[in-house]
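Visitor: Sequence:
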Amino acid sequence: MKKTIDKSIGEYEIYIEISSILQREPGWPIQLLIQKNVKMTAINNLDKSMRSLWYSILNYPNKFINLINKTIVNIEEWPRQKEICKKEFNHPFSLEEGFATFFLNITNVSGITSGGQIEGTKQESKYKVGCCFNKQSLIKK
Numbered sequence: 001m002k003k004t005i006d007k008s009i010g011e012y013e014i015y016i017e018i019s020s021i022l023q024r025e026p027g028w029p030i031q032l033l034i035q036k037n038v039k040m041t042a043i044n045n046l047d048k049s050m051r052s053l054w055y056s057i058l059n060y061p062n063k064f065i066n067l068i069n070k071t072i073v074n075i076e077e078w079p080r081q082k083e084i085c086k087k088e089f090n091h092p093f094s095l096e097e098g099f100a101t102f103f104l105n106i107t108n109v110s111g112i113t114s115g116g117q118i119e120g121t122k123q124e125s126k127y128k129v130g131c132c133f134n135k136q137s138l139i140k141k
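Everything in the sequence shown is counted per my numbering, starting at 1 for the first residue and increasing by one.
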């Protein structure tokens, strides 16, 4: 892997061979796997809903994609998904909770699943609750 760092005294090219790494950034290790920079990664999260999310994506990818495609993303759907998260919380391998967590992560302010909707319940801004929920882009990722 090649990384360029800009320093005040110029640019340096650094070549790094990664044999092991501990990283707590949620999406970054997946990119390392896809780019074949590492052989494996571990998902370490105490949040049961995040465990359901990753379990669902890894074990039920087609069902997960189907949920992305068929779910209408609007302010009316938001409380339904929030309720699923509450109801399924004690089922750490629940596809329903995994998708609901995903939905809330994309539609909540700053991706905080326990937070509120983007632009609140009135939805008076040009940025509505589903503004970041680009289905094709999310499926591709």
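Where hints are given, some of them may not hold.
No more than 25 Å apart at the CA atoms, straight line, and that leaves these computed lysine-lysine pairs for DSS-like [to be verified]: (1) 63 to 135; (2) 39 to 141; (3) 39 to 87; (4) 70 to 86; (5) 70 to 141.
Listed next, with one range per pair, are the computed distances between beta-carbon atoms [what the hints assert, rightly or not]: (6) 40 to 76: 35 to 45 Å; (7) 90 to 37: 34 to 44 Å; (8) 132 to 59: 22 to 32 Å; (9) 138 to 80: 14 to 24 Å.
Read the hints as simulated data drawn from the structure, not as lab findings. Note that CB positions come from ideal geometry on N, CA and C, so glycine has one too.
Visitor: The structure should be examined with respect to each hint, and the outcome stated for every one.
Guide: Hints, one by one, checked against the model:
1. 63 to 135: The hint holds at about 14 Å.
2. 39 to 141: Holds. Residue 39 to residue 141 sits at ~19 Å (cutoff 25 Å).
3. 39 to 87: Outside the cut-off at roughly 36 Å; violated.
4. 70 to 86: holds (21 Å)
5. 70 to 141: Answer holds: residue 70 to residue 141 is near 17 Å, not above 25 Å.
6. 40 to 76: 35 to 45 Å: holds (41 Å)
7. 90 to 37: 34 to 44 Å: About 36 Å separates the Cβ atoms of residue 90 and residue 37, which means 34 to 44 Å holds.
8. 132 to 59: 22 to 32 Å: holds (25 Å)
9. 138 to 80: 14 to 24 Å: Given about 19 Å between the Cβ atoms, the range holds.
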